[in-house]
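Listed here are the chains, written in short residue letters.
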Amino acid sequence: MKVKSPLEIYKLLPQTNCGECGFDTCMSFAAHVLDRTAKIEDCKPLVEKAKKDKKAAEKLKKLKEMTAPEIDEVIIGKDLKIGGEEVLHRHELTFFNPTALFFDVSDTMDEKTIDERCSRVVEYRKFYVGRYLTLDGIAVRCVSNDPEVFVRVAKKVAGYGKPMILVSLNPKCLERALKDVKEYNPLIYAANEENYKEVLKIAKKYDVPAVVRSKDLDMLKSLAATFKSHGVKTVIDPVTEPFGKGLQKTFERVVQIRRTAIMMQDKDINCPIMITPISAWMAKSDDVSKMYWETVIAALFIVKYADVMILHSLEPHSIMPIVTLRANIYTDPRTPVQVEPGLRAINNPDRSSPVMITTNFALTYYTVESDLQSSGAKGWLLVLDTGGLGVEVSVAGGQFTPDKVKKLMEETKVAEKVDHRYLIIPGLAARLQGALEDETGWKILVGPTDSGRLKAWLEQNWPPKKEVKS
Amino acid sequence: MPKINLEDILKLLSNYEVEELEGVEIEGDIEIEIEGMSNLQAIGAELGMAAYHLARAAMMLGFPFQQLFTQTQVQTQIQQPQLKEVEKEEVIELIKKKFEPYKAEWSGYVEEVQLGATRKEGGTRKYTIKLGGAKSLPFYIFDAEQPNLPAVSIDVFDRPVPLPKAVRVHYEDVMGHPDEWAKKVIDKFGADAVTIHLISTDPLLDDTPPSEAAKVVEDVLQAVKCPIIVGGSGNKEKDPILLEKVAEVAEGERVLLASATLDMDWERIGKAAKEHGHCVLAWTQMDINSQRTLNRYLLKKVGLPRDSLVMDPTTAALGYGLDYAYSNMERARIAALKGDEDLAFPVSSGTTNAWGAREAWMKESPLEGDTSWGMREHRGPLWEIVTGLTLSLAAVDIFMMMHPVSVAVLKELIQTLGGKKEEVSCEDWIAAEI
Ligand code: B12
Ligand code: SF4
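Read top to bottom, the protein sequences are chains A and B.
Counting along the first sequence from 1, when you hit position 101 you're at 191 in our numbering, and nothing is skipped either side.
Counting along the second sequence from 1, when you hit position 128 you're at 129 in our numbering, and nothing is skipped either side.
Fair warning: there could be bad hints in the mix.
Not the full set, but computed from the structure, chain A residues with beta-carbon under 7 Å of chain B [what the hints assert, rightly or not]:
hint : residue
1    : Val233
2    : Lys287
3    : Phe333
4    : Val386
5    : Asn551
No wet-lab data here; the hints were simulated from the structure.
Virtual Cβ for every residue (Gly too), placed ideally from N, Cα, C.
Construct all of the structure, not just a fragment, from the sequences and the given hints.
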């Protein structure tokens, strides 16, 4: 974003403090626009006025320009956003639109394989910190070089409802497919030095975003500038060379492009970047080795600036590290990752269900909660306010203390909810067992160190065996 | 049953000094076949296979790719733009532009620290390792030469330890024999250095006295000729005494003493290092200010030379705080390059932490809603690779790792990004049959 202070934005706002944007003052709104938690368009009075008043229209236009992200935002399909980044290092603000992950099908694959691959993309999900990590779309590759074959497969894939990339260097194939799937707003891949005139015409005619592709950065910049000057939403592909010197050079190109776009505000090359880990599959090697190297390339460029990727391996063991890394790198470092402390009822517990305790660190809480939910076990889960720290950390650092546990139990009146007096604590808090018994008067049971094992543990240990009195 | 060309295998073996692969047997003189799997062998063979594939993945770059695509003709069809007759033909001209790259300029640089000392230098190491010396962000060799690429050390323990199965199989034969364990990681798994963790000194484990534990260090120094790192048990009272003893017995070898922390007697460790010519690993828990403070204490209060300090700002695994670890290290490195001398030191990462993540070791997802997690023997190594790879892009100069295949793959990537690899030409994927 060009502007660096909310004042610059404020100056051009209506300054009436009407509150319609949801903020009390225009100044507060300006501050939120600056850190991108609000958009200029949210100031309805200004938008309305701009429709009638020329001066206001100019202000609005200027504001939009001033607050546009450093890197263009491009939409694929209905609403998959790529690009829109502001910074080179996530700690400087945050990264915004997670790298979009597309998986390929080729038009020479048999129907069954295509269906299977598409279903995998659609169905993939991995639970992580309170949500599911998923995959973004499907890249249809024209291997047949036959426009009719290509369009048939493109239509079939479109039926799966995921954003699409149409992959072919043959403008005829691209155009044939677009005739039928244009309304899905696919990204077309790719224009290069040879075919750009044709591809540009097609992109304009069908109003779809396009990728320009070249290893030569002068050519890449020229292509991008040309496409953008015609109003085409443009993504750049500096060509992913998967091995040896080529990979090192690819890394260099990607860093240089993004750095130049942000540091020098080069508006020709400030496009989302396409990376193709799929190229690892061009090695002569066994499939497992290719899968490994593809994962390495994907991880490398998730950290460094890829906005959209085409991959091949749909093995869950290669997808999982990639989607997890993407979630980590694109986590907003500005927002605390905690949940509300208190008492949660899991799976409609009753008076004989176990009482357990965990902390309010989002990662810890969601891990434990989802483990319990999916195990089907009934239970009462106490969530202790440790200031957003995990179990082991807060035990070591002194935020997980017996008196705080006692207070939480009183506040939540958990004693009134159950007939027993047993509290299950995480294995990593075992050292607090004695002190907790003294403080709460409840019998403390030490659970497993990983909540993933709670189900098996409960089957073994709940209800607690009556102690044999001698 | 995967068949592999023997020529490739030999190349692989010679390059990685791997003498044998579990579960893999050579049959005839042309092909090699993965052993038929009985139930009992299944796991071992599977792992062997995974290991083999992995090492191979790491090696791919060395293969002659040019010849490979003669059979699979790639049909990249590029059509000359053909102008169709449209009513109003629009002229499309290429707007010629020149790409002027941004030039990064940094005033600071990372201190260069040498681990190990040769005979000439007063030790007995065959080679030494230099860490740090960077004048730009990691692998930005287009900004400035990177004098030393990151090194990899493999963890060795002085008593048997519980390890995830995928890791354990590689060390079962050497558990309890730290000297053999050390030999194995250097000779077979291609580590640059060894980290010997003297965990038996933990009062809750064997409570081994420091003088006895230090003998293990002597054994390891005998067994391998690489630079070594020595870790304690993490016991705040005992570690300073232990590391002091280690400093004495390893006099002159330029060992890295791991670790000094703020909540223990760091002064004692620092002094011992200074007196006997070693380096200190300064470990803080993901807090840049504590790191600055500890470094400053060691430099100013103890008088440790600047070329004897390495820092560990803490490694959290992929999915378990990697984002904190990454940004913490990246911030520290950028500060160093901007001239913050308190942070201008090589960075070490306990990448083995990746194995603590349930995704690395659990058999399958405990959650019903999840798609299957896939094969565990690939997941684990990939988890360690991605954790290390990510942090290598932030700052790491030395990795402490465990799975041999993760080590091989990460080293391959380091060499590649460091510009040490040859040009490898390969066909375009766009219209290829995959
Ligand atoms: C990230 C991290 C931090 C981050 C914390 C971020 C956060 N929001 O929590 C920061 C940088 C702040 C930090 C600080 C410190 N840390 Co720290 N930190 C870690 C690290 C790398 C990961 C911890 C984590 O997030 N785990 C993931 C979460 C999900 O795990 P969890 O909360 O324990 O939940 C699991 C289980 O406990 C269980 N579970 C949870 N609830 C329940 C409930 C029931 C009923 C059951 C049965 C099970 C269960 O299942 C969950 C899933 O597996 C670990 C090392 C490691 N790799 O494990 C060190 C570690 C935990 N830290 C450690 C220490 C010492 C500290 C400090 C005290 C250091 C210092 N000297 O300043 C400070 C303390 C700060 C404070 N409390 O004030 C030590 C603890 C040693 C010990 N056992 O006592 C560790 C183990 C590192 C080490 N090897 O020394 N740390
Ligand atoms: S809606 Fe517009 S005018 Fe009203 S307070 Fe918000 S920014 Fe100011």
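Going down the list of hints, with the structure as the test:
1. Val233: holds (5 Å)
2. Lys287: holds (4 Å)
3. Phe333: holds (4 Å)
4. Val386: holds (6 Å)
5. Asn551: At about 17 Å, which exceeds the 7 Å cut-off, the nearest Cβ of chain B leaves the hint on Asn551/A violated.
Checked against the numbered hints above, the structure breaks only hint 5 and satisfies the rest.
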